[in-house]
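Chemist: Work out the full structure: start from the sequences and follow the hints.
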Amino acid sequence: MGDSLDDWFKQEVIPHELALKRFILRIWRRPDDVHDVLQETYAKVYQAALTSRPRAPKAFLFTTVHHLVADRLRRERVVSIDAVADLESLNVSIDEISEERRVSARQELKVLAEAIDRLPTRCRQVLWLRRVEALPIKVIAERLGIEVVTVDKHLMRARRLLAAYLSAPDTSGTKTSEGASSTIDDGNTSEQSRD
Amino acid sequence: MMAIQVNSREIEAAADAWLHRKDVGPWDRTAEAAFEHWINESPRHRVAYLRLESAWDRAERLTALRRPDGEVPVKGSLFCAADRAAGSAGVLESPECLVGCTEREPEDLSVVSVSPVEGSTRRVHVGRRAIAASIVLIAMAAAFWWTQPRGMTYSTAVGAVELVPIADGSTVTLNTATKVHIALTEKSRSIDLERGEALFEVAKDPHRPFVVLAGHKWIVAVGTKFSVRRDGDDVQVVVTEGTVRIEGDRGTSAVHRELAHAGTIARARDGDVVLTPVSLSTAEDSLSWRRGILVFRDTKLQEAVAELNRYNDVQIRIDDEAAGRLSIAGEVRSTNVNTFVRLVERAYHLHADREGGVIVLRPLRHDEGT
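Protein chains in written order, with the working numbering: chain A, 1 to 195; chain B, 1001 to 1370.
A few of these clues could be false.
Unchecked claim - Simulated coverage check for chain A against chain B, where a stretch passes if three residues somewhere in it have a Cβ under 8 Å from a Cβ of chain B:
#1 56 to 66
#2 139 to 150
What the hints assert, rightly or not - Pairs of lysine to aspartate or glutamate, DMTMM-like flavour, derived with a Cα cap of 25 Å:
#3 B/1022 to A/32
#4 A/10 to B/1168
#5 A/10 to B/1060
#6 A/44 to B/1036
#7 A/44 to A/6
#8 B/1225 to B/1247
#9 A/153 to B/1194
#10 A/153 to A/142
#11 A/58 to A/133
#12 B/1075 to A/142
#13 A/10 to B/1241
#14 A/153 to B/1168
#15 A/44 to B/1233
#16 B/1022 to A/71
#17 B/1179 to B/1303
#18 A/138 to B/1071
#19 A/44 to B/1053
#20 A/138 to A/117
#21 A/153 to B/1010
#22 A/153 to B/1032
#23 A/44 to B/1010
#24 B/1204 to B/1168
#25 B/1022 to A/147
#26 A/44 to B/1057
#27 B/1204 to B/1270
#28 A/10 to B/1041
#29 A/153 to B/1303
#30 A/153 to B/1057
#31 A/138 to B/1028
#32 B/1225 to A/117
#33 B/1225 to B/1192
#34 B/1075 to A/133
#35 B/1204 to B/1241
#36 A/138 to B/1241
#37 B/1075 to A/6
#38 B/1022 to A/6
#39 B/1225 to B/1307
Think of the hints as simulated: they come from the structure by calculation, not from any bench.
Predicted model only: the values in this text are computed from it and were never measured.
Virtual Cβ for every residue (Gly too), placed ideally from N, Cα, C.
Modeler: Structure representation (structure tokens):
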């Protein structure tokens, strides 16, 4: 059962990661926490699917993250009403969030090419030689003139970064506007700097 | 569920190490057993692993872009290679795919959507009209000024904010439910804050001291910006520019004199004046009411509610002491009671009952919450 559920998870859940990350950023607003919220959400979804697989995985995924963030907000010592406002206003808009689900083979290649081009040079080389050329680590080390353990390190880092980049918009420098002041007005937020 | 506190990055690193070991070896039964143990330990382990494996699987497609000479392609050369590879393999799915090789969807990660807030705009317009009207009034008053030092009275309704220019070039901004009496003479500028809160932006005039009377306190300013708030005999002064002198007590022999500089909040009560230095941004936060906004920074819910109640006829009451002590942070439109109540309900698991002109917040039973 493990394997088929794992496959289901890879096919039905993980492809929504980009949309999910955007959603988390909008309702939670702490870029540093996105990784953790994402993992916890995945874990909850996986666990729920052990008993029965949700029929609408995407909706289930977003409902799960929604509850999870609401829970975290409640546990916060200082509740940010701005965040609650966002959470509330997004309550009904899950379906409006765009996501790149079924992409063409060409698009998929482009996404991959873009992602690996964002890798640091060494990570990119090592990943290419291992994944595309299927060279043994030792050979890669010799070819690049570096230690085997260094190849290991670069390769592992490349795998993590690849997973992140494949589901990230090209915004390595983007931060959420943490400093921006937002104002609640029946679900609309607005920036105010009038004097 | 796992009750232990976990670090998602550490779990990912562990998942990464397993994936690496599986990929490059050595992989035997012992490794397999250890891996099975690890991945079954927590759903977090499993999903972290599946996520990395999924990305790694996807990367296999890159073999379509493999160079015949076995070299690593240079950065940036892959996009067009990707186009060619896909094109020649006939997997082109729609004609649109031909255009915009490097074009990307604009990524919208912005959290705050900027949209005009009608209420505040209207408020400002009303303010401007009030200013225009006041200027006429002031001009008329100025004619009487030297002979009639009686002055003028201004007041605001609950929830209103109004700017009143004075003939000497100073301005007074009245906050909600406020009443002031302004009297100018040859030798003095005197403002009696009968109730409420006002911000004073004082034009320099060394020959005519600018004095605000608030209950038993006199606040004397010299070319400065400060607000005075009065709740009965409790007076709070926030200085955002220059210096003010707080003197008391009117009608008694005891005379206190305290100097408050920019970035100070002074609270006067029962003849005592307590000065608290604050950052200028905190001082400015306390003036956010001019924009129709209330700013809370780690404020007790009880205090936030009391503050909001000043601006609205509909009053909120918290029927739970513990809930009143919870902290809140954020900004709310001062007249937007319904939104505030809805958000607080959600954030604190409270339930709001409307009882006449009062909204009572009570704790939700545990099993009622989601």
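Chemist: Would you check the hint for residue 44 of chain A and residue 1233 of chain B, treating anything up to 25 Å between C-alpha atoms as holding?
Modeler: Given pair residue 44 of chain A, residue 1233 of chain B is violated - Cα atoms ~56 Å apart, limit 25 Å.
Chemist: When you check the alpha-carbon spacing of residue 138 of chain A and residue 117 of chain A, does it fall within 25 Å?
Modeler: holds, 24 Å
Chemist: Straight-line Cα separation of residue 44 of chain A and residue 1036 of chain B no greater than 25 Å?
Modeler: Holds - the C-alpha atoms of residue 1036 of chain B and residue 44 of chain A are around 20 Å apart, at most 25 Å.
Chemist: Take the C-alpha atoms of residue 44 of chain A and residue 1057 of chain B, compute the straight-line distance between them, and say whether it is at most 25 Å.
Modeler: holds, 23 Å
Chemist: Given as covered by chain B, does the segment 56 to 66 of chain A meet the bar of three residues or more with CB within less than 8 Å?
Modeler: violated (count 0)
Chemist: Under the criterion that the straight-line Cα-Cα distance not exceed 25 Å, is the pair residue 10 of chain A, residue 1060 of chain B satisfied?
Modeler: holds, 15 Å
Chemist: Measure nothing beyond the straight line between the CA atoms of residue 1225 of chain B and residue 1247 of chain B; if it is 25 Å or shorter, mark the hint as holding.
Modeler: holds, 17 Å
Chemist: Would the hint linking residue 10 of chain A and residue 1241 of chain B be met if the CA-CA limit is 25 Å?
Modeler: Given that 25 Å is the threshold and the Cα spacing comes to 60 Å, the pair is violated.
Chemist: Does residue 153 of chain A pair with residue 1168 of chain B here, judged by a C-alpha cut-off of 25 Å?
Modeler: violated, 73 Å
Chemist: Taken at face value, is the distance from the CA of residue 1053 of chain B to the CA of residue 44 of chain A at most 25 Å?
Modeler: Holds: residue 44 of chain A and residue 1053 of chain B sit about 19 Å apart, inside 25 Å.
Chemist: Are residue 153 of chain A and residue 1194 of chain B close enough, with their CA atoms no more than 25 Å apart?
Modeler: Between residue 153 of chain A and residue 1194 of chain B the Cα gap is close to 72 Å, so the pair fails against 25 Å, i.e. violated.
Chemist: Would you mind confirming whether the straight-line C-alpha gap from residue 1022 of chain B to residue 32 of chain A stays at or under 25 Å?
Modeler: violated, 29 Å
In this structure, the earlier hints numbered 1, 2, 3, 4, 9, 11, 13, 14, 15, 16, 27, 29, 32, 36, 37 are contradicted, and the remaining ones agree with it.
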